[in-house]
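A.B. asks: So the sequence lines, in the order shown, correspond to chains D and Z. So in numbering that gives the first Met the number 0, spot 23 of the first sequence is number 22, and the numbers just go up one at a time. So in numbering that gives the first Met the number 0, spot 30 of the second sequence is number 29, and the numbers just go up one at a time.
Worth double-checking, as some hints may not be accurate.
[Unchecked claim] Derived lysine-lysine pairs resembling DSSO-like cross-links, with alpha carbons at most 30 Å apart:
id, chain 1, residue 1, chain 2, residue 2
1, Z, Lys46, Z, Lys174
2, D, Lys1, Z, Lys16
3, D, Lys18, Z, Lys174
4, Z, Lys46, Z, Lys16
5, D, Lys18, D, Lys1
Everything labelled a hint here was simulated from the structure, so no lab data went into it.
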Amino acid sequence: MKLLLDATLCQGYGVCQEKAPAQIELDDFGYAAVLATEVPADGEAAAAAAVAACPNRALRLEPQR
Amino acid sequence: MTQIHSLMTGPAPLLGKNPERRETRDDYWRAGGYRDLSPDVLFNRVKAAGLRGRGGAGFPAAAKVRAVRASGSVPVVVANGAEGEPGSAKDRWLMRARPHLVLDGMLRAVDMTRAACCYLYVADDEAADSMSRALAEREPVVPARIVRPEHTYVAGEETAVVRRINGGPALPTAKPPRPFEAGVDGAPTLVANVETLARIALLAAHPQIPDSLLLTVSGRGLEPELVEAPVGTSVQALAYRADRLDTPGVLMGGLFGGILDPRRLVTALEPAALDAVGSALGCGAVHFLARGECPVALAADGLVWLAGESSRQCGVCVSGTTALARTMASVAAGTAVPDDLARLGRWSQSLRRRGACGLLDAAANLAASVLRSFGPLVEAHLDGGCTRCTADRTPDADRFRVEPPTVRTTSHPVSAPR
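Work out the full structure: start from the sequences and follow the hints.
C.D. replies: Right under this line is the structure:
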């Protein structure tokens, strides 16, 4: 799966980083940065939790094309 | 006033024979334009020529055409003449002076992609008038419409183009999807820069046309120049022409290619060579610093410009461009501390590929180029500042702006459309 962030929607709540610390970091300004778009199989549950946790629906998981 | 100059050894195919006068349909026909050619033959020429987009990103044109065609649904073609880079005037000149070359290229892109309709996306009034007259002089077989965005830095970004044509504001959207997947009205959309399209039209007329670039050369105290040069011309050749061989730095590719180290002046104007030194051709705008000007002040002005042109949609872009601009300004003013340089270094890497469009990448790249190529000079700013910067410390983001050369229009009325 791919973890995609719409930067126009990210408001810097930071909850995604708590759910998926291996895939998301917060920058100096508090906005989410996806570390690697490709999500390893053992990271999918955490990524899905991050997607679900975003109050602004800035994140999404998409199957590989 | 912006001048016109050719560095070609033979004829200048993009400038044409009379670059100071608007070319009519009949002039263009006499020059060999608008002749029938199978779109498959042309596609193979475009592919063999290795044509890359001339709007900024430099994506291979044939791959773009193929991607749009492969999707299965009926595509849309957009000729992108937004030219948001302040230091670039070549697209506006092309549409004002050679509208039929652009139109011919666009109609050939329609043929190659089997598109059902096309759009001319033009911010500049005079260019829009010229293109509109060209459409009246040679009516296309598919519907063609002119769409007029505001003249802003981001309006020409391809997702902003699509959003504006779809009735929204000319602001970028998050990718994916890219326009070749889902663009105007959801259709696969080819967004091609007008110079790229002009080049396609030239390839249709002459398979062996020499590969050339339109460049906009500027700098404080210089008369700006629109230059046609062979691909692979060195930056040094432009510096020689501009009498700036002693330049302390060159802002490359509009605001996208960072500031080139003067020790790299021999670099060829060609995507791979520029990429190898961390620079970029971008839209072909080249801004030479004069001796006595400081690259740090130039970077600070560039960052102020970019921060002001952020469309303020992405939080990271608002914060990132503002922080980069403020910090670079403090380096120029001699008030920065060592931690500021560490922050600039970190941001110049971590803010790449973060925004919906490339504006934040341009800002990060500009900061990175200064730290990479002018490290000792930047460090020296910490100890009480820089005499060159303090002598020149009215922030001047307008310094990049270049107007197109004057183009005369024939006085006799336009004949009825054929």
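A.B. asks: With reference to the structure, classify each hint as holding or not holding.
C.D. replies: Here's how the hints hold up against the structure:
1. For the proposed pair lysine 46(Z) and lysine 174(Z), the alpha carbon gap of about 26 Å is at most 30 Å, so the pair holds.
2. A threshold of 30 Å between alpha carbons decides the hint, and for lysine 1(D) with lysine 16(Z) the separation of about 52 Å lies outside it, so the pair is violated.
3. A hinted pair counts as satisfied when its Cα atoms are at most 30 Å apart, and lysine 18(D) with lysine 174(Z) qualifies at roughly 24 Å.
4. Distance hint between lysine 46(Z) and lysine 16(Z) is fulfilled; the C-alpha atoms sit about 27 Å from each other, no more than 30 Å.
5. For the given pair, lysine 18(D) sits about 16 Å from lysine 1(D) by alpha-carbon distance, which is consistent with the 30 Å threshold.
Hint 2 from the earlier list is the only one contradicted by this structure; the remaining hints agree with it.
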